[in-house]
Amino acid sequence: MEAFQAMPLAYPKFMIDNLWILISAALVFIMHLGFATLETGLTRQKNTVNILFKNLFIISIGIVSYALTGFNTMYPGDFNGYLAIKGWIGFDGDVANLTNQYADYTYWSDFIFQAMFAATAATIVSGAVAERVKLSGFMLYATLLVAFMYPIAGSWKWGGGWLDQMGFYDFAGSSLVHAFGGFAALGAVLVLGPRMGKYVDGHIRPILGHSMPLATIGVFLLWLGWYGFNGGSVLSADPTLVSLVFVTTTLAAAGGCLAAIITSYIYLKKPDITMGLNGILAGLVGITAGADTVTWSSAMLIGLIAGAIVVFAIVIIDRIKIDDPVGAISVHGICGIWGTLAVGLFSTNPEHTFSTQLLGTLCYASFAFVISLILASLAKVTFGFRVDEDEEYEGLDLSEHGQPAYADFQHINN
Amino acid sequence: MFKIEAYLRPSALEGVQKALGEIGIVGMSVTEIRGFGRQRGHREVYRGAEYRIDFVPKIKVEVVVKDADKDGAINAIVESSKSGKVGDGKVFSSPVQDAVRIRTGETGEGAL
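Residue numbers (the numbering used here), protein chains in the order written: chain A, 942 to 1355; chain B, 3 to 114.
These are calculated hints, taken from the structure and not from any lab test.
Source: prediction; values computed, not measured.
Do not take every clue at face value.
[Claimed, not checked] Okay, derived cross-link-like pairs now, DMTMM-like style, lysine to aspartate or glutamate, Cα gap no bigger than 20 Å in a straight line:
id	chain 1	residue 1	chain 2	residue 2
1	A	Lys1211	B	Glu52
2	A	Lys1210	B	Glu46
3	A	Lys1210	B	Glu34
4	A	Lys1139	B	Glu46
5	A	Lys1321	A	Glu1341
6	A	Lys1211	B	Glu34
7	A	Lys1321	A	Asp1331
8	B	Lys5	B	Glu34
9	A	Lys1139	B	Glu24
10	B	Lys62	B	Glu16
11	B	Lys68	B	Glu24
12	A	Lys1139	B	Asp56
13	A	Lys1262	B	Glu52
With the hints as extra help, turn the sequences into a complete structure.
Here it is in structure tokens:
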């Protein structure tokens, strides 16, 4: 407590800043419920337990591995700029780290906020591989991705690594989290192949999601959580910046939704609710890189463009026979790149350049893609990465878990 | 006794229930089904990919009636569910050998 006596006026500010980071961490946590319900809603009911199971595994392994190694790897302090595994257990006992000598927040707040982010990257993959991925293989894949690959890539920017030194800007993770997750999803889907019955005799046979209410709940929860994802990334409760970030985040989400609805109406001749939902997420992913450094009108434009992009991306990716049940590659991968590039186009800070943004986002996308191909192949040759045809037909709830999500008339005997 | 099975548009249910009630038929069973007749299916789009719905949502109404009520019941169903458009559905009737009311053990038409 001696530390505070030296700067008494700073203490209330420190308390509020620290509280905001903790509230933001809790909001980012809610995004995991959003992902779980969105993925459940956009897939068939016979795979519901499996999707929920993957989601609760990822948040748990994400946080545990971040405590054991991820936090230290991602924020190593002085390092060569590319790779640093500082040590295993991330926590040190320096009491000053729990005061405002550490930052506008404590070491614990820093950890828990970043830990909530870490699991998001692997959760994005979960949606794209749904309905055919083998549970054990996916658990291996997700563990390696979230424990090592995400923190290594993250350190290049947020850990003060080589991309940070080049002036690359990614406020809350359009590239570090979303493009990373989206292109990891692409790699995993390429190793996995499409769901049975999706592409038959050269035709696309859509596989309808089983609950639009769940999908909608998921997207609204994600939107809510994004106030922590972006708002907390200010890393203080700075009134000017936090309020700006709330406005830019909201306008981009709304713009993304409207653009996706209009694009769907004109291009697909149908007001498809799943496209409207993906449009909201596209706008949110798009604004994430520049939420604190663009004007309100630029934010709206970034969201509108993201919402239009996502509809075309989903349709094109489907037509080239890459089966992504929830649109994760389009929403997080393609719009993550768009959001990062948008900083180069719309930032009010002249130091942000398009070329650096392009280099940075391509590095994240290609690193995630290649690593994901390797990890998915590793899972394939060890546990197996895909269930067999009978299991896929029966549904993963019964074949992997022996547990239906909706038991209905099933009679229970001893 | 006859069993009458009617394959109908879901929207016809309320009218059929009322029409059967008005001629004194008590009790009916309804099942949500999917199917097609001459109407065939229709085309839809999901996330940009077009598909055909062959089996459209329908309802099946089942009632078992006394011999004397058969023609009246069929007529009530047909009149109350007719829209004149393709897809109105069909009504089938078939003889029923016996019936038992489980609570009392009554059999035959007395069980209805």
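> Is the straight-line distance between the alpha-carbon of Lys1211(A) and that of Glu52(B) 20 Å or less?
Replying inline: holds, 11 Å
> Holds or violated: Lys1321(A) with Asp1331(A), Cα cutoff 20 Å?
Replying inline: Distance ~18 Å between Lys1321(A) and Asp1331(A) Cα, so the pair holds.
> Is the straight-line distance between the alpha-carbon of Lys62(B) and that of Glu16(B) 20 Å or less?
Replying inline: The given pair, whose Cα atoms are some 13 Å apart, holds under the 20 Å limit.
> Given the hint that Lys1211(A) pairs with Glu34(B), does the C-alpha gap stay at or below 20 Å?
Replying inline: violated, 27 Å
> If you draw a straight line from the CA of Lys1210(A) to the CA of Glu46(B), is it 20 Å or shorter?
Replying inline: holds, 10 Å
> Does the structure keep Lys1321(A) and Glu1341(A) at a Cα separation of 20 Å or less?
Replying inline: holds, 16 Å
> Lys1139(A) and Glu24(B): Cα distance at most 20 Å?
Replying inline: violated, 50 Å
>> So if I understand the rule, the pair passes when the alpha-carbon distance is 20 Å or less; does Lys68(B) with Glu24(B) pass?
In response: Measuring from Cα to Cα gives roughly 16 Å; hence the hint holds.
>> Run the distance test for Lys1139(A) versus Asp56(B): straight-line Cα separation, threshold 20 Å.
In response: holds, 17 Å
>> Tell me if the straight-line CA distance from Lys1262(A) to Glu52(B) falls inside 20 Å.
In response: With Cα atoms ~15 Å apart, Lys1262(A) and Glu52(B) stay inside 20 Å; holds.
> Taking 20 Å as the top limit, are the C-alpha atoms of Lys5(B) and Glu34(B) close enough?
Replying inline: holds, 18 Å
> Between Lys1210(A) and Glu34(B), is the straight-line Cα distance small enough, at 20 Å or below?
Replying inline: Violated - the C-alpha atoms of Glu34(B) and Lys1210(A) are around 29 Å apart, more than 20 Å.
Violation of the numbered hints given earlier is confined to hints 3, 6 and 9; the remaining hints are satisfied by the structure.
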